[in-house]
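S.K.: Single-letter residue listing:
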Amino acid sequence: MVMSFFRRSEGGFEAITAHTVSMLADARHSFDMASTALLSGATHASVAEDVYTTDDRINQTEQELRRELVVHVSVQGTDDIGAVLAYTLLIKKIERIGDQAKNMLDLADEGVDLGSESDTDELIALRRTISVMMGEAADILSDPTNEDEVAAYRQKADALRFSLETQIRECMHSEKPGSEVVPRAILYRYWKRIVANLAGVVISATEPIHREIDPDDLDD
Amino acid sequence: MTTTTESPEKRTMPTAVRSVLVFLLIYGFLVGVSLLESGIKVMGQDTQESLFQGVSNPIAGLFVGILGTVLVQSSSASTSVIVGLVGTGALGVDAAVPMIMGANIGTTVTNTLVSLGSMRQSEEFKRAFAAATVHDFFNVIAVSILLPVELITGWLSSAAEAISDELVGTAGSEWKSPIKRWVKEPVGWVQDIYEDIGLEMNALGTIMVITGLVVVLLALTFITKNMKQLVADRVERSLNAVLGSGGGTVAMLLGLIITVSVQSSSITTSIMIPLAAAGVVSLRNIYPVTLGANVGTTITALLAALAASKPEALTVGLVHTIFNVTGILLLYPITRIREIPVRLAQGLAEIAVTRQALAVTYVVTVFLIVPLAGVAIFR
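Those protein sequences? They're chains A and B, same order as listed. Just add 27 to the spot in the first sequence (first one is 1) and you have our numbering. Just add 1370 to the spot in the second sequence (first one is 1) and you have our numbering.
Worth flagging that the hints you see were computed from the coordinates, not collected in a lab. Some hints here could point you the wrong way.
What the hints assert, rightly or not - Partial chain B-side listing against chain A, Cβ under 8 Å, derived:
1. A1602
2. D1603
3. V1605
4. E1606
5. R1607
6. L1609
7. I1641
8. P1644
9. A1648
10. V1650
11. S1652
12. L1653
As the list claims (entries may be wrong) - Distance windows between CB atoms, simulated:
13. T193/A to G1649/B: 39 to 47 Å
14. G1649/B to D136/A: 30 to 38 Å
15. S1652/B to G109/A: 43 to 51 Å
As the list claims (entries may be wrong) - The list that follows gives simulated cross-link-like pairs (lysine to aspartate or glutamate, EDC-like), each with its CA atoms no further than 16 Å apart:
16. K129/A to E202/A
17. K129/A to D82/A
18. K1598/B to D106/A
19. K1411/B to E1570/B
20. K1595/B to D106/A
21. K203/A to E144/A
Ideal placement from N, C-alpha and C gives every residue a C-beta, glycine not left out.
Throw the hints in and build the complete structure from the sequences for me.
M.R.: Now the structure itself:
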C-alpha cells in the first residue's frame, strides 16, 4: 500500500476518471444482464446474482469515489473544484443507472418476458442503442475535449428521450390489454431515465461549471 | 455577459524542469544554512555568547523552539536554523536539544489553525480539531517525558553523538563536509559584496545571518511548494490506497514518506484535517500518519547538518530523529498508552465544539502566551 507512492501509475484526477469509467462499465453490465432477462429469454434467477453483485460494486465504487474526491481536494487544493463538483453529481447519476437496471430485473421477476413478442426486435435494437451510448459516455468521460462528439451525443440522447416519451404516451392511450402495455410503459420509463442519467453524466463531465467571460474577449 | 463551458488550461511546469528547480533550491537552502553559520562566526566571541545566553536554561530553550517554529510555521526551517547555529559552535548541543523539542511542539500549530476553518460545522469541527490536537498532545507528552530524561541522563544527545562520531568524527573536531565545499563559493561572494559596501564585524555578521535566514526560509517554502506539485498525484494515490485498507504502521510509513517528499510535516498533517472533518478518515487512523510526519520532518535538519562544519550539527539533527522515534516507541505500541493522546484530543474537541472561543484561546495560549511567558520567566 505504501509502495503505491513509488509506483508509476495514474494519479490525481486521471485515476478518479478511470475509476468512474469502470463504474459506468459496471452499470452497463448490469443493464445488459437485466435486459437479457427481459428480452432474450434468460431466467431471472440466472442473472439476478450477477446484477445484484454488480449493483453492490457500483454502490461501493460510488462511496470510494466520494472519498477519492475529498482526498483530491485535500491534496491538490481547489484547482479542479469544478470537476470535483461535476463528478460528485455524475457518480450519483451512474449509481442511479445501476438502480434502474435492478428495477428492470424486478420486471422480469414479476414474470414479464418480452423475448418473443412482435416488437422484440425493436426493443432489442433500442436496448443495444442505450448500451452503446453507455460506452460512448465512458469515452467522453475519458476524453471530454471533443466538442463535436459531445454535441452529437447530447443530440442523440435528446432524440432518444423524446422517442421513449412518445412510446410511453402511446402506451397510455393504447387500447391493448394492460398486461401488454403496462410492462412496456414501465420499461420505456426506466430506459428514458437511464438515457437522461447518461446525458447528465456527459453534461456534468463536459460542463462542470459555466465560466463567465467578457463579451470583448469573444471578439479576439 | 456570455457564458462558455471551456475551462482555462492549466499551465504546469514540466516535471524535469521542476526537478532541476528543486535541486537548485536545495542547493540554495544549504547555502542559506552556511551563510547563517558564517555570519555567526564573523561576529565577535562576546556577541556570540550574549546572543545565546538566554537559551542556556533548557525550559527557556524549549519555549524559544516553540515560538520560533510558530513564527515561521515550519519546524523544518527552525530546526535547520538551530542546526546551523550549532554548526558555528556558538550554540551547544545541550542548549539546542530543548529547542529542537520545542520546534516539534510548535509545528503542530499549523494543522490546529487549519482545523479552526471548520468551526461553522459542529460535527466537522469536532473531528477536525481532535485530528489536529492529537498531534499537539502526543508531542507535549513526548517532551514531558523525554526532556526530563535528557536533562538527567543526557541519553538522547549521547545516542546521537555516538552515531555522529561513527559517521563524521568526534565532537570538537572540524568536519570536512563535501557539501560545505560546494556551498563555500556563493557564501564567499555574499560576504565579499557586504564587505565591499563597508560592513564588518557585528554588522557584517548580522546582515549575513539575516540573509541566511531569508534564504533558508524562501528555499524551504519553494522546495515544499514544488515538491508538493511533483508528488501530489503520488500522495493522492497512496492516501487512497492506505485509507481504503491500511492503518497503524502503514499509515505511519505513509506520513513519513509524504513528509520526506515535501519537506514539511505541516503539509502532511494539514492534508489530513479536511479528510478528518469530512469523516473520510478516523482520528485513530490519522494519529499514526502524524507520527510518521514527526519523524519525516527530521530529514531537513539532517540535510542542513551536511552544510555545517562541526559534527555537533549532525548530532543535533540526529537528536531530532531519535527523539521522535523514541516518542513513538514509548507512546504508540501499547494500546492503553496509545489511547491517551487520542482521548485527550477527543475531550478537548468536545469542549471546543460547545465553546468555540475556547478553541481559539487554546491556540493562542499554548502556542503564544505560554511560550512567551516561559521565555520571560526562564531566560
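S.K.: Determine for every hint whether it applies to the structure shown.
M.R.: Results of checking the hints against the structure:
Hint status for A1602/B: holds, given a least beta-carbon distance of 5 Å to chain A, under 8 Å. For the restraint placing D1603/B at the interface with chain A, the shortest Cβ-Cβ distance is roughly 3 Å, inside the 8 Å limit, so the hint holds. Residue-level restraint check for V1605/B holds (minimum Cβ-Cβ distance to chain A is 5 Å; threshold 8 Å). The restraint placing E1606/B at the interface with chain A holds, with a minimum CB-CB distance near 5 Å, inside the 8 Å limit.
Interface hint status for R1607/B: upheld, as the beta-carbon distance to the closest one in chain A is roughly 4 Å, under 8 Å. Because the smallest distance between the Cβ of L1609/B and any Cβ of chain A comes to about 5 Å, under 8 Å, the interface hint for this residue holds. Because the smallest distance between the Cβ of I1641/B and any Cβ of chain A comes to about 5 Å, under 8 Å, the interface hint for this residue holds. With 8 Å as the threshold, the beta carbon of P1644/B comes within range of chain A, its nearest partner Cβ sitting at about 4 Å, so the hint holds.
With 8 Å as the threshold, the beta carbon of A1648/B comes within range of chain A, its nearest partner Cβ sitting at about 5 Å, so the hint holds. With 8 Å as the threshold, the beta carbon of V1650/B comes within range of chain A, its nearest partner Cβ sitting at about 5 Å, so the hint holds. Interface restraint check: S1652/B against chain A, minimum CB-CB distance 12 Å, threshold 8 Å, status violated. The beta carbon of L1653/B is not positioned within 8 Å of any beta carbon in chain A (closest approach about 16 Å), and the interface hint is therefore violated.
Judged by the Cβ atoms, the range 39 to 47 Å given for T193/A and G1649/B holds: they are separated by roughly 46 Å. The hinted range of 30 to 38 Å is satisfied by G1649/B and D136/A, whose Cβ atoms lie roughly 36 Å apart. For the hinted restraint 43 to 51 Å between S1652/B and G109/A, the CB-CB distance of approximately 30 Å leaves it violated. Distance restraint check for K129/A and E202/A: the Cα-Cα separation of roughly 29 Å exceeds the 16 Å cut-off, and the hinted pair is therefore not satisfied.
Between K129/A and D82/A the CA atoms are separated by roughly 8 Å; this keeps the pair inside 16 Å, and the hint holds. A hinted pair counts as satisfied when its Cα atoms are at most 16 Å apart, and K1598/B with D106/A qualifies at roughly 14 Å. A hinted pair counts as satisfied when its Cα atoms are at most 16 Å apart, and K1411/B with E1570/B qualifies at roughly 12 Å. Among the hinted pairs, K1595/B with D106/A is consistent with the structure: their alpha-carbon atoms are about 15 Å apart, no more than 16 Å.
For the hint pairing K203/A with E144/A, the CA-to-CA distance comes to about 14 Å; that is within 16 Å, so the pair holds.
Taken one by one, the earlier hints fail for this structure at numbers 11, 12, 15, 16, listed in ascending order.
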